[in-house]
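Start from the sequences and build out the full structure, keeping to the hints where you can.
Counting in the UniProt record's numbering, the sequence shown tops out at residue 335, every number present.
I should point out that these hints are in silico values taken from the structure, not numbers from a laboratory. Please read all numbers here as calculations on a predicted model, not as lab measurements. We put the beta carbon where it would ideally sit given N, CA and C, even for glycine. Hints are supplied without guarantee of correctness; some may be wrong.
35 Å max Cα-Cα, derived DSBU-like pairs, lysine-lysine [claimed, not checked]:
#1 Lys283 x Lys314
#2 Lys231 x Lys122
#3 Lys314 x Lys115
#4 Lys84 x Lys14
#5 Lys14 x Lys94
#6 Lys295 x Lys314
#7 Lys14 x Lys87
Distance windows between CB atoms, simulated [stated by the list, open to error]:
#8 Asp102 x Asn15: 17 to 23 Å
#9 Arg307 x Gln44: 29 to 35 Å
#10 Gln44 x Asp288: 51 to 57 Å
#11 Gln152 x Glu259: 27 to 33 Å
#12 Ala335 x Ala199: 45 to 51 Å
#13 Ala10 x Gln227: 46 to 52 Å
#14 Gln270 x Ser158: 30 to 36 Å
#15 Pro140 x Asp102: 32 to 38 Å
#16 Asp35 x Gly315: 16 to 22 Å
#17 Thr121 x Gln152: 25 to 31 Å
#18 Gly267 x Glu32: 20 to 26 Å
#19 Ala269 x Arg49: 25 to 31 Å
#20 Leu36 x Glu242: 15 to 21 Å
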Amino acid sequence: MKIYLDQLEAQLTKNLPAMIWLSGDEPLQMREASDLVRQRCRQQGFNERELHDVDNTFDWRELVNANNSMSLFSDKKLIELRLKNSKMDDASRKILQSCLDDPSPDNILLMTSPKIEAASTKTQWFRKLEAASLVVQIYPVDTSRLPRWIHQRMQHHSLQADAAAVQLLSDRIEGNLLAADQEIEKLSLQFGKNAQITAEHIARSVADNARYNIFGLVDACLDGNAQRAVKTLRRMRDEGSEALMITAMLGKELRQLTEMGSRLQRGEAQAAVYQSHQVWKNKQAMTDRALRRLKPATTLQLLQHVRTVDLAVKGMHPVPPWVVLEQLVTRFARA
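Spelled out as structure tokens, the structure:
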């Protein structure tokens with residue numbers, strides 16, 4: 001069955017299917033949806049967790065072994081597959097389907113992946129898999145819904161905010177939910193529960209952190225200022241920022257630069273490209289300079305570096321994550 005994210009909690013309360021597939025490119029919603037699934041599984045006695053990162057070298061027979069082996073520490077276990085790509089070849093599809101055709105009552109499979117391509121959802125294999133599992137496609141919060149999302153998030157943190165404050169924060173974070181959540185947490189710590197947040201509070205908070213925050217980091221990278229970018233990154237590290245959040249924001253910016261650069265190379269009008277990617281006026285000059293410096297071939301190489309940082313954060317790379325992240329920032333600003 002295919003559902004939307006806002007239906008997930010209610011559906012998990014009804015029953016836990018043999019497999020849950022979370023698909024999307026928005027890091028915060030993916031993380032929270034995964035946490036919700038894990039929580040529900042623990043409540044139902046699935047206390048052991050077995051994790052597999054799936055790339056082109058993954059042997060899908062490991063899934064068969066995991067599904068057939070008994071839990072070492074509890075009666076039930078959650079098997080997680082983190083896919084680097086939502087596409088699967090015929091061999092992996094057959095193995096996955098075989099596990100669903102004969103599911104173990106002692107296991108639940110949680111699969112996470114980037115957005116499933118529309119063409120894949122129309123295949124016979126996907127429809128059969130969908131009928132035997134729970135598929136949740138997670139979409140970014142678009143501009144029109146972002147203020148409401150921010151308002152609800154503030155309420156979750158026991159904050160009250162007027163419309164001007166919500167709109168200012170919405171304009172500031174430009175669709176990045178991880179950045180919005182971090183800013184709201186800062187406001188909660190600074191002003192406490194039941195505080196009334198105004199636009200002045202938002203403006204002051206932004207001004208206080210303008211130099212050393214994720215937005216300043218991205219701006220320094222776009223502007224080609226490697227010294228400022230590295231200094232900003234180190235300050236964020238020292239202040240306890242999450243490497244994963246920073247990596248997600250840089251990856252988002254590089255993907256956007258790649259797509260915009262490709263469209264411009266095809267001869268599309270710059271104004272139309274900027275409008276469709278919501279490049280605000282205050283960032284257009286900086287984006288112009290970045291696109292002249294960073295061609296699509298270069299940004300694709302930088303996106304490979306983003307994946308390396310992601311592996312380092314997960315402990316799957318020999319170099320410490322902050323070192324790899326600093327290398328990425330330097331390359332981004334100097335390329």
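Cross-check of the supplied hints:
1. Lys283 x Lys314: Holds, at roughly 32 Å.
2. Lys231 x Lys122: violated, 48 Å
3. Lys314 x Lys115: Holds: Lys314 and Lys115 sit about 21 Å apart, inside 35 Å.
4. Lys84 x Lys14: With a Cα-Cα distance of about 30 Å, the restraint between Lys84 and Lys14 holds, given a limit of 35 Å.
5. Lys14 x Lys94: holds, 28 Å
6. Lys295 x Lys314: The given pair, whose Cα atoms are some 29 Å apart, holds under the 35 Å limit.
7. Lys14 x Lys87: Distance of about 29 Å is within 35 Å: holds.
8. Asp102 x Asn15: 17 to 23 Å: Holds, since Asp102 and Asn15 (Cβ atoms, about 19 Å apart) stay within the stated range.
9. Arg307 x Gln44: 29 to 35 Å: Taking Cβ atoms as reference, Arg307 and Gln44 lie about 34 Å apart, which means the hint holds.
10. Gln44 x Asp288: 51 to 57 Å: Cβ of Gln44 to Cβ of Asp288: about 54 Å, so the range 51 to 57 Å holds.
11. Gln152 x Glu259: 27 to 33 Å: Since Gln152 and Glu259 have Cβ atoms about 30 Å apart, the given range 27 to 33 Å holds.
12. Ala335 x Ala199: 45 to 51 Å: Violated, since Ala335 and Ala199 (Cβ atoms, about 37 Å apart) do not stay within the stated range.
13. Ala10 x Gln227: 46 to 52 Å: holds, 51 Å
14. Gln270 x Ser158: 30 to 36 Å: The hinted range 30 to 36 Å is violated for Gln270 and Ser158, with Cβ atoms some 44 Å apart.
15. Pro140 x Asp102: 32 to 38 Å: holds, 36 Å
16. Asp35 x Gly315: 16 to 22 Å: Since Asp35 and Gly315 have Cβ atoms about 19 Å apart, the given range 16 to 22 Å holds.
17. Thr121 x Gln152: 25 to 31 Å: holds, 29 Å
18. Gly267 x Glu32: 20 to 26 Å: At 41 Å between Cβs, range violated.
19. Ala269 x Arg49: 25 to 31 Å: Taking Cβ atoms as reference, Ala269 and Arg49 lie about 50 Å apart, which means the hint is violated.
20. Leu36 x Glu242: 15 to 21 Å: For Glu242 against Leu36, whose Cβ atoms are near 19 Å apart, the range 15 to 21 Å holds.
Of the numbered hints stated above, those contradicted by the structure are hints 2, 12, 14, 18 and 19, listed in ascending order.
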